[in-house]
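Asker: Full structure from sequences and hints, please.
Just so you know, the protein sequences line up as chains A and B, in that order. The first sequence: position 248 = 234 (the numbering used here), numbered continuously. The second sequence: position 142 = 147 (the numbering used here), numbered continuously.
Calculated directly from the structure, the hints in this document are not laboratory data. Hints should not be assumed to be uniformly reliable.
[Stated by the list, open to error] Coverage of chain A stretches by chain B, computed from C-beta distances (three or more under 8 Å per stretch; other residues unrestricted):
#: 1; segment: 23 to 37
#: 2; segment: 61 to 67
#: 3; segment: 94 to 101
#: 4; segment: 133 to 144
#: 5; segment: 176 to 186
#: 6; segment: 194 to 206
#: 7; segment: 221 to 234
[As the list claims (entries may be wrong)] Far from chain A by the CB rule (all over 10 Å, computed), these chain B residues:
#: 8; residue: Val42
#: 9; residue: Pro104
#: 10; residue: Asp130
#: 11; residue: Arg253
#: 12; residue: Gly354
#: 13; residue: Ser441
#: 14; residue: Lys597
#: 15; residue: Val658
#: 16; residue: Met668
#: 17; residue: Met670
#: 18; residue: Thr676
#: 19; residue: Ala702
#: 20; residue: Phe707
#: 21; residue: Gln714
#: 22; residue: Lys750
[Stated by the list, open to error] Derived DSS-like pairs: lysine-lysine, alpha-carbon spacing no greater than 27 Å straight-line:
#: 23; chain 1: A; residue 1: Lys21; chain 2: B; residue 2: Lys672
#: 24; chain 1: B; residue 1: Lys719; chain 2: B; residue 2: Lys693
#: 25; chain 1: B; residue 1: Lys719; chain 2: B; residue 2: Lys597
#: 26; chain 1: B; residue 1: Lys750; chain 2: A; residue 2: Lys191
#: 27; chain 1: A; residue 1: Lys176; chain 2: B; residue 2: Lys750
#: 28; chain 1: B; residue 1: Lys613; chain 2: B; residue 2: Lys597
#: 29; chain 1: A; residue 1: Lys230; chain 2: B; residue 2: Lys750
#: 30; chain 1: B; residue 1: Lys672; chain 2: A; residue 2: Lys46
#: 31; chain 1: B; residue 1: Lys310; chain 2: B; residue 2: Lys411
#: 32; chain 1: A; residue 1: Lys116; chain 2: A; residue 2: Lys191
#: 33; chain 1: A; residue 1: Lys191; chain 2: A; residue 2: Lys176
#: 34; chain 1: B; residue 1: Lys452; chain 2: A; residue 2: Lys21
#: 35; chain 1: B; residue 1: Lys589; chain 2: B; residue 2: Lys719
#: 36; chain 1: B; residue 1: Lys589; chain 2: B; residue 2: Lys750
#: 37; chain 1: A; residue 1: Lys21; chain 2: B; residue 2: Lys693
#: 38; chain 1: B; residue 1: Lys719; chain 2: B; residue 2: Lys522
#: 39; chain 1: B; residue 1: Lys452; chain 2: B; residue 2: Lys597
#: 40; chain 1: B; residue 1: Lys607; chain 2: B; residue 2: Lys719
Every residue, glycine too, gets a C-beta built ideally from N, C-alpha and C.
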Amino acid sequence: MRTKMIGYAFAGILASAALFAGNDAKSDNTAESTKGTRAVYGDIAIDQAESLSTGDQILKAAAAGTPSVVWETLERGERVECLNCISAVEPLLYDLNPTNREIAAWWLRRRIFGVFGPGEAYERTIQTLKNDSNPTKRAYAASALGEFLAAPGIDACAEAIQNDADAGVRAAAASALGRLNSDGNGALTKALSDGDGKVKLAALKSASRINTSVDVASVARLVDDGNAVVRRRALEVLDTYRAKDSVSAVLRLAKSDADAEVRLAACHALGSFGDASARAALEGIAQSDANGLVRDQARIAARRL
Amino acid sequence: MNRIPRHTALALVLCATSPAIIASGCNDSAPTNDLGVSSIAFLKRAHTVVGENGATTVNVADGNNQVLDYQRYVPGGSLNILTPPRPDGEVKNLTKDFPQADFNGLDVSFDATQIVFSMKKDGNDHYHLYTVQLSGSYDIHQLTAGDYDDINPIYMPGDRIAFVTNQMYTEMGTRADEYEHSREATQLATITRLGGDADRRLGAQNLSHTVAPFLTSEGRIGYSRWEHLGPVNDVKLFAAAPDGTDIRAIAGQHSKPATALFSVTEMEPNVMIGIATARNRTIHAGALLRIDARNTKDPVCMDAKANHAGHICTDEENVKYENLTPDVPTGNGPSPVGRYRTPSMLPDGRIIVSYAEGPVNDLSEQSVTPPDFGIYVFDTKTQKNQLVYNTRDMWEVNARAIAPRKEPPVIADKIAQNGDTTLPVRMGSVNIRQTSLTDTVNGAQFKGTPLKDALAQATAVRVIEGFSSEGAPGVTMFGLTMDEGAAVLGEATVYPDGSWLADVPPYIPIHLQPVDKWGLSIRNQRLWIQGMPGEDRRCVGCHEERTGQGVSTLGQNPTRAEQSGAQKLIIPVADRAEYPWMQKVQPILDAKCVQCHDGGAKDPFAGKTYTVTRTDPASGVATSYTVPYLKLTSEPVTVVYDRRAASYAVSYVSLFYPAAMEMGMGKTTVTGELAPKWAVPTDARGSKLIEKINIKAADGTFAYGQGAQHPEDKGVALTDEERQTLIRPIDLGGQYFARQGSTFKPNDKDPVSKKY
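Answerer: Dropping the structure here:
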């Protein structure tokens, strides 16, 4: 989202200028924009071939593009070796817009030259996470390390989860581990027991996204968290893990949690566990819960058993 | 949060200034009088919210940038019915109990008594599927739940509901496309109206997103699919049976007037209307396109009312397109006349659409002016829109007539709901030499050779699994290629009659390469194919004519491959043939090549380099990177911060950089003599390295020339297998990394693996 800054009159001027500037309004793929792709990969139909950005387009988008233009231009610049563009794109790692930050890291990480060398963008990002005094910049650096998907980011984010004083940074680092498809050698488990709710929520989301399950007991403990959203998310992770050992705790929440969304998530998890011992309770909930959507989930879950 | 009303001044400016507005996009001043139905259902989606602190935020395109985007959440949306469907009709909000909700697709049941819709109740929720009864107390029921998103539902015959989901499954988890990052790829799935998640079934995975399913008159699930395979990057139409089997191409595979065909609905059998647009920047909107995929060679198929059973009634090679709104761009430039989205059909054959005036692209975003999507009836004759309903402060989209409609026949399942999900998919061809493609093949024995002739020399079919480059830390940069991760499941023998047959893993995206006796790919299939457990997916040829003879049926002579039995290419992930450069290729170079190609005294290219230079625009400081003309050692091309960071061996850069340079060098300065394209992604036979080393087949013939092989001419012998280990990674796309040799671990929560 962007904060509204520009008035309607200016919008009209922009639109009119674009209309009369002769912009190509017929197709985004052209023989010229797909020439490089087809030179290497053969004669692919223009409507199917990857359209490539030019260096000028990358520089222009990085300097002043809207998020959708930045996204398209950098994505299409995947294999455009624009070394002079690196220093223009790197500041986008700290842009206010999250999609700009994301695609900037993606483009940078696909560089052969100019990013991973000593003193270059990747090293600077790690140093920003470690040392910058601004917690927002540290959080953005953590997110960037997640998008870079390079192994050193795992330790850097794990360290931030352990040591950073700012909860926003720790949450960003926990999210980054999800992108890195890693539990950070136990750091995600640490984040699950963080005192701040948003860190726990970020860790729970990552726990459900990485390929290897994190400590189930740590997730299970969160079903008793004071924050209903944390309880709900913890149940969803246990659901994904098919954590049958948690049946009794989950059943308790399905029956009696004060939050209907928590009860609903608990019912769905019980269906996923496939433990027939929950059937009678689910059938009861399907009849008696005050919330119709919870009753729906209890009925469906019972049917799965 | 409170919404604030807005006026789309931009559109007014456009209408006042643009001489181009003569036809499509201009609205008839008179609202429509009669849609022929008593009510319509539609969604309101929000774009502007006022926070608790009073700050206004406007979301123009986020989450609706690419046509594949589905995670746009702006609170304040609703599901509504409008009765009668005209501007002064009564709007009934069916989801008023969920004031923080957003919505992602709806459909009306065949008997018009129920609506299925996708809703995210609040910011902490996921999109899931619900139904609401269109009578009584309008009860809402939730059919799906869990830690994933279910969107774009449609009713299917037999009380089924089809949709797409980003639920993780298979060993690769989501198969997140590297262009969408954390927005996991969505795949086809079904539930039943009564059973919800209890009857949940997941379709075979594509490497990239599947979106916007639609019902075909045959009772199949049509859908748009992001085809991202190496240099191919577009959105095409496919259809599958409700059980996920029998995936067929529908349109866009051969030509189309835009890079994306999206938000499609059927007008009559195999004739569709949809949105033609660029993949990016048009806020899910574009031109209205009529897509005629009928097989014109069969008169039965041209009769909409005829029984099409037993006829092949689609012909994706000869689809006819008609842009019903020719003034609307099919690219992503600013439109002079607005753009359309989410068309659907009224019972009388008219088209009901969402439409917004103005550029409806990133200019809208730049001016922080959301397009004002409202509901209109589009008149195909006058190309004008008649207003049905519009409010300035919300988007009105996904309009559907609430009227009974014909329920297509139920297609019997080939795959049982609770069947064995580990059963292989059987794939093969009756005769691989049959093709309708007109490509030519170059390199080695071929010089402008028609594909059908080249295929006569196919001795095997290489079966390749595709996976995302985002599978594990350290495998994320595939190097100097646009190709995805690749693992060879095996090479199935092509028999003298041209047949081949193999059993491959279910659910996963694969593509094929027919290879010749030297192990060189003849053609790289640039379309993902996949199958469900136990499915039989045999073809006639190698992209045979689509309206021709079908596969052999009972009573016909079995092929040689069938007589010999399918080759088993069911291999665990860890054992699939992958080619991580440092683990598989570099050892061969170290053992057989670097004694000369190390830049030392014996190196014929010693000291020969070219340089790429960057200049920091701020400081003016220039940094140069030197690329050897040909150097095959393992030394890192850059010194990398942290010993565990990924780095590229100079051998890899030296071999692949020349081809990469041809794709685009942006603002980079290059000096020195450029090397030839030693290695061309997916084209080993066109790669100078392979030509230089030359390949000897089992019959003693050589791929290039009459027998000179390198490095044998220097007294060093490469084994046949070593040569193949140089060929295959090039044919696969020139990836530097793989899952093997990385920290990749298969998804241990796979719900289809039967581990639970």
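Asker: Against this structure, judge whether each hint is valid.
Answerer: Right, here's what the structure says about each hint:
1. 23 to 37: holds (count 14)
2. 61 to 67: Three-residue rule met by the segment 61 to 67 of chain A, so holds; n is 6.
3. 94 to 101: Contact hint for the segment 94 to 101 of chain A vs chain B: holds, 5 residues under 8 Å.
4. 133 to 144: Coverage by chain B holds for the segment 133 to 144 of chain A (8 residues, Cβ < 8 Å).
5. 176 to 186: With 0 residues close enough to chain B, the hint is violated.
6. 194 to 206: The restraint on the segment 194 to 206 of chain A holds, since 5 of its residues have a Cβ under 8 Å from chain B and three suffice.
7. 221 to 234: Held - the segment 221 to 234 of chain A has 6 residues with a Cβ nearer than 8 Å to chain B, which meets the minimum of three.
8. Val42: holds (29 Å)
9. Pro104: At roughly 15 Å from the nearest Cβ of chain A, Pro104 (chain B) sits farther out than 10 Å, so the non-interface label holds.
10. Asp130: violated (7 Å)
11. Arg253: holds (18 Å)
12. Gly354: Holds, because the least Cβ-Cβ distance between Gly354 (chain B) and chain A comes to about 29 Å, which exceeds 10 Å.
13. Ser441: Given that every Cβ of chain A is farther than 10 Å from that of Ser441 (chain B), nearest at about 15 Å, it holds.
14. Lys597: With a cut-off of 10 Å, Lys597 (chain B) remains clear of chain A, as the shortest Cβ separation is near 25 Å.
15. Val658: violated (6 Å)
16. Met668: Non-interface label on Met668 (chain B) violated, nearest chain A Cβ at 4 Å vs cutoff 10 Å.
17. Met670: violated (5 Å)
18. Thr676: With a cut-off of 10 Å, Thr676 (chain B) remains clear of chain A, as the shortest Cβ separation is near 13 Å.
19. Ala702: holds (24 Å)
20. Phe707: Label holds. Min Cβ-Cβ 24 Å, cutoff 10 Å.
21. Gln714: holds (26 Å)
22. Lys750: violated (5 Å)
23. A:Lys21 - B:Lys672: At roughly 17 Å apart (the allowed maximum being 27 Å), Lys672 (chain B) and Lys21 (chain A) satisfy the hint.
24. B:Lys719 - B:Lys693: It holds: about 18 Å lies between the C-alpha atoms, which stays within 27 Å.
25. B:Lys719 - B:Lys597: With Cα atoms ~10 Å apart, Lys719 (chain B) and Lys597 (chain B) stay inside 27 Å; holds.
26. B:Lys750 - A:Lys191: holds (18 Å)
27. A:Lys176 - B:Lys750: Holds: Lys176 (chain A) and Lys750 (chain B) sit about 21 Å apart, inside 27 Å.
28. B:Lys613 - B:Lys597: holds (21 Å)
29. A:Lys230 - B:Lys750: holds (22 Å)
30. B:Lys672 - A:Lys46: holds (12 Å)
31. B:Lys310 - B:Lys411: Measuring from Cα to Cα gives roughly 12 Å; hence the hint holds.
32. A:Lys116 - A:Lys191: It holds: about 24 Å lies between the C-alpha atoms, which stays within 27 Å.
33. A:Lys191 - A:Lys176: holds (14 Å)
34. B:Lys452 - A:Lys21: OK: Lys452 (chain B) and Lys21 (chain A) at ~22 Å, within 27 Å.
35. B:Lys589 - B:Lys719: holds (23 Å)
36. B:Lys589 - B:Lys750: Distance of about 20 Å is within 27 Å: holds.
37. A:Lys21 - B:Lys693: holds (21 Å)
38. B:Lys719 - B:Lys522: holds (25 Å)
39. B:Lys452 - B:Lys597: violated (30 Å)
40. B:Lys607 - B:Lys719: holds (11 Å)
When the structure is compared with the earlier hints, violations turn up for hints 5, 10, 15, 16, 17, 22, 39 and for no others.
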